[in-house]
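Add chain B to chain A, keeping to what the hints say.
Protein chains: 2
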Amino acid sequence: MDSDYGVPRELSNLQKKRTLYQPLLPPCLQGTTVRVEFGDATATVDPAGANTISRSFPHTYGQPLAHFLRATAQVPDAQIITEHPPFRVGVVFCGRQSPGGHNVIWGLHSALKTHNPKSTLLGFVGGYDLLGRTKDQIRTTEQVNAALTTCQTLKLDALVIIGGVTSNTDAAQLAETFAESKCQTKVVGVPVSLNGDLKNQFIETDVGFDTVCKVNSQLISNVCTDALSAEKYYYFIRLMGRKASHVALECALQSHPNMAILGEEVAASKLTLFDLTKQVCDAVQARAERDKYHGVILLPEGLIESIPEVYALLQEIHGLHGQGVSIDNISALLSPWASALFEFLPPFIKRQLLLHPESDDSAQLSQIETEKLLAHLVEMEMNKRMKEGTYKGKKFSAICHFFGYQARGSLPSKFDCDYAYVLGHICYHILAAGLNGYMATVTNLKNPVNKWRCGAAPITAMMTVWRHSRGLGASSIGKPAVHPATIDLKGKTYELLSQNAAKYLMDDTYRNPGPLQFEGPGSDAKSVTLCVEDQDYMGQIKKLQQYLDKVRKIVKPGCSQDVLKAALSSMASVTNVLSVMSAPSFNSQTPL
Amino acid sequence: MDSDYGVPRELSNLQKKRTLYQPLLPPCLQGTTVRVEFGDATATVDPAGANTISRSFPHTYGQPLAHFLRATAQVPDAQIITEHPPFRVGVVFCGRQSPGGHNVIWGLHSALKTHNPKSTLLGFVGGYDLLGRTKDQIRTTEQVNAALTTCQTLKLDALVIIGGVTSNTDAAQLAETFAESKCQTKVVGVPVSLNGDLKNQFIETDVGFDTVCKVNSQLISNVCTDALSAEKYYYFIRLMGRKASHVALECALQSHPNMAILGEEVAASKLTLFDLTKQVCDAVQARAERDKYHGVILLPEGLIESIPEVYALLQEIHGLHGQGVSIDNISALLSPWASALFEFLPPFIKRQLLLHPESDDSAQLSQIETEKLLAHLVEMEMNKRMKEGTYKGKKFSAICHFFGYQARGSLPSKFDCDYAYVLGHICYHILAAGLNGYMATVTNLKNPVNKWRCGAAPITAMMTVWRHSRGLGASSIGKPAVHPATIDLKGKTYELLSQNAAKYLMDDTYRNPGPLQFEGPGSDAKSVTLCVEDQDYMGQIKKLQQYLDKVRKIVKPGCSQDVLKAALSSMASVTNVLSVMSAPSFNSQTPL
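As given, the protein sequences belong to chains A and B, one line each in that order.
Those letters in the first sequence? Residues 1 to 592, per UniProt numbering, in order.
Those letters in the second sequence? Residues 1 to 592, per UniProt numbering, in order.
Hints in this document: simulated from the structure, not taken from any laboratory.
Any given hint could be a false lead.
Identical copies look the same in the list; a pair holds intra-copy or inter-copy alike.
[Claimed, not checked] Cross-link-like lysine-lysine pairs, in silico, BS3-like; alpha carbons within 30 angstroms at most:
id: 1; residue 1: LYS17; residue 2: LYS492
id: 2; residue 1: LYS503; residue 2: LYS17
id: 3; residue 1: LYS232; residue 2: LYS278
id: 4; residue 1: LYS542; residue 2: LYS526
id: 5; residue 1: LYS16; residue 2: LYS395
id: 6; residue 1: LYS113; residue 2: LYS278
id: 7; residue 1: LYS292; residue 2: LYS16
id: 8; residue 1: LYS232; residue 2: LYS372
id: 9; residue 1: LYS16; residue 2: LYS503
With the rest of the complex left out, here is chain A:
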């Protein structure tokens, strides 16, 4: 895609070649006759929150799923969009930059112009080197009203919001407000986030996650090779990715470092800082007994918030920030318990923990050097063990790294190029179908592009409501939001890591996926997470619909009594099982 924004720059040969790359489109989006088929009205994964969500989003909750299909077979409930008036569409990058985001714009622009050359695409300058990055949110009444006025003034038919969980929650809120105000602008969300945490039944992965994990895995593998050569350092590598540990998990599966400490594991086991230190020290000691004095340990930037006592300390600090207490006075106002922990920590971490929280109320994770804290604590403990004579190996030596900025600015992988481009096209079809408050979706992503399924799901169907415990049984209910998905500790991806953890720890079975390739072997590699999880929710929903249609077709009035009886008894049993499984009490594991 040509970009004429900014000064002319000299392109490398690879960049030139990449600008000529034409991403693929799945068959359903080729040509100008795309058929939209609506599924059933959507609910939400969390039945307990459904009421709250529907009350907050009266205009946009419960809308049906949409599938975009080739205009060939004739199916009930399907419509071919034949009207292609010129559209005016605005597009904005919200929140943090992520590789591949630009291709959403390209795909959208290409679809707009293919269907009607008179259509207009307006970019709001604000992330990314194409349009610049905007503020992190569109949330306050003031911000929402400003967006409403701008969209009305510019007579936009649609506003496309590209971003992660926060941005898409904001998109849903805008859609609802616009519908309420009878504003003609439809709001469409697109899942773009290197964190990989905008993930649910409809969204298999986010644009950028694939690239970032590949670049990080390349670097982690290089560090592993270095560790095995120098044989004298432990490398502590912190990875960008916000609260959830998806990036760390994926990178661990690509590069097989000795250890990967996941925030979700630490939170679930309620490990303290001291437990964690001890675990790492025990590993170092076990390796020393095999005469190994090197190793590579991954940790997610969100780890610091997953350690219960540190999280409590951070909550106190952020609370004091909220009360307007200045940084210099915070430490004196901490509770005795939090103060004890705070005073124990080394000065560099103290300074970082005191930073003002981010717009989503989390700590400034990219600025807190958790890897240095852990390396420091491990070194102290190893020295202590050495003094006491319980550790007899060589002196422990650590090197610390934070991999973040150097990955998220990468040229996007082929996967992310294609995925983003297809999502951009889908945005057009969402708009052409007149849908509001939807996110563009592509499923069956682990397969080649020609097998991808394109659709759209209401953002409200991805929302959950968090209950915050206030202690002693009291709790408050949060606002409905698209929350970041955490690692499923019962899921297949985590299981794969667990199964191999002992081998990775002791045997140095490092694997090197190499640098991101654009041609030849490796260029079509998909993330391990995507391949292992083997999701195809949208495909399965369609399959269910086909079963229901088939039953309806077979059991038409006039069919035999026996067939009807068999159908009734089978359906009674199915509905019974499903009613039990869907009852709120069954889903007792309420999201935190």
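The following block gives chain B in isolation, referenced to the frame of chain A:
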């Protein structure tokens, strides 16, 4: 190349493909009949040091250059090696790991086995993940004698030493000692060093430099994209590469960051820490005036030693280390002037400057966070300017990176794979020609492999002697050594950076070479340094020889009086000019 060292590891698809990669050989090394042609006896680039060197290396100084050629044309002084007895060869990695080093072993092994399947290659376990990394040096009498005994016990025909300037200096010393002791083992050096500082008339570049610069440039470019997207940070990136700034210069030319501060520039201009800070601050201020609050600044790890007053401080600290003073007592014993500087510095840098020096007497450059020091000083100065009202822009914000370990463990680039493999083959031919104290050389490297010229040069011809000023006109003479080449501030590569410096600084003309590619565009890219310098010393030496031969052929006894007269007068003028240029006084710029 198959390696069965260590536990079996799962290879990625790219790794599998790379293990199948067969590096190319230039025509002169194909087949088993390689012709060796000897040039004139070698001298050294530093005429003033020639005597010292020849006295230290009586057996190995002044040996001729060797060229390896196809066994076709008949030329005087050429011999075809027809004897291929089984050889016993030892190989060792000395000093720090560098991508591609393994291919030297592969090339050597392949050449040994092609010429005689009964030959044996022994690897000394000691850098790198194949053999492990050895100690940094083989230098003390004890170390040299141990090497001698081992080579004699193992009845080695040759010992191949793979490494940088230090290791090759050691190789020359071993060769001399072995010759003196009538030991049959020939010593061969191979230029492998990511620093790119083993560079002279015979050596155009080192194995590993290409890969490391490409990986670093990829990451720098990603950070540039991030800078341009976030528009709020200055990124200070320190690059590995020891005393010289070759890596930083090459990376700057590949990725076009806003600034690259080279140690050689700072040393030549005698810039103080405060000058340097001021320069960066002025740049930040100039950019702020164009409403730019982001930027990327490269600095080499050796920068800290290039700043005169910091170098003096380090010398004092290292002197005190040498006297056995413990770290806790050093600061109290500094001279008043050094102490004033030391006390001014932030605590983290104090701790790092106090570290024990490396085996080559330099500071522990990889451990000294010069980028953080500079960012800290710039931040202080910008805050001061803001307070004084001379700077009216936004608050200055920095993010610091050290790129080193994550680059030197990379899969080697195609260039480094080929270069190392060819060097390995040359080692065999050096041995077969019975040469001792030589380094394997390939020249004309900027061209495709089939144009590469293969040869060997005595390591002593690459040596220089440094004179250390002791103040007040007194000086001492150091030992002859292969010294690290610094950036030639009058050279073409530096000129290219200078010409573009203003544009890079202000216009954000970032260039992204992308990740290291193994197929398609970019996979055959050579380093900018190599292409710009356009060296072909060995080719030119051969050309000179051809001119001399031609003169001899034309001016044979029996030629006309006129021809003889013309020849005499022309040659008199040539020899006059060259005598003047080669006199020690002409080369008054003695290396530091």
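Hints, one by one, checked against the model:
Taking the shortest alpha-carbon separations for LYS17 and LYS492, only the inter-copy value of 28 angstroms comes in at or below 30 angstroms, while the best intra-copy value is 37 angstroms. Taking CA atoms no more than 30 angstroms apart as the test, LYS503 paired with LYS17 passes between copies only; the shortest distance there is 25 angstroms, against 41 angstroms inside one copy. Proximity of LYS232 and LYS278 under a CA criterion of 30 angstroms is satisfied intra-copy only: 20 angstroms inside one chain copy versus 39 angstroms between copies. Taking the shortest alpha-carbon separations for LYS542 and LYS526, only the intra-copy value of 24 angstroms comes in at or below 30 angstroms, while the best inter-copy value is 52 angstroms.
In this homomeric assembly, LYS16 and LYS395 never come within 30 angstroms of each other (Cα to Cα): the closest approach is 49 angstroms inside a single copy and 36 angstroms across copies. Taking identical chains as interchangeable, the C-alpha atoms of LYS113 and LYS278 are never at most 30 angstroms apart, the minima being 60 angstroms within one chain and 51 angstroms between chains. In this homomeric assembly, LYS292 and LYS16 come within 30 angstroms of each other (Cα to Cα) only across copies, at 27 angstroms, whereas the closest approach inside a single copy is 45 angstroms. Within a single copy, LYS232 and LYS372 get their C-alpha atoms as close as 17 angstroms, and across copies as close as 25 angstroms, so both meet the 30 angstroms cut-off.
Within a single copy, LYS16 and LYS503 get their C-alpha atoms only as close as 43 angstroms, which misses the 30 angstroms cut-off; across copies the closest is 21 angstroms, which meets it.
Of the hints listed earlier, those the structure fails to meet are numbers 5, 6, in rising order.
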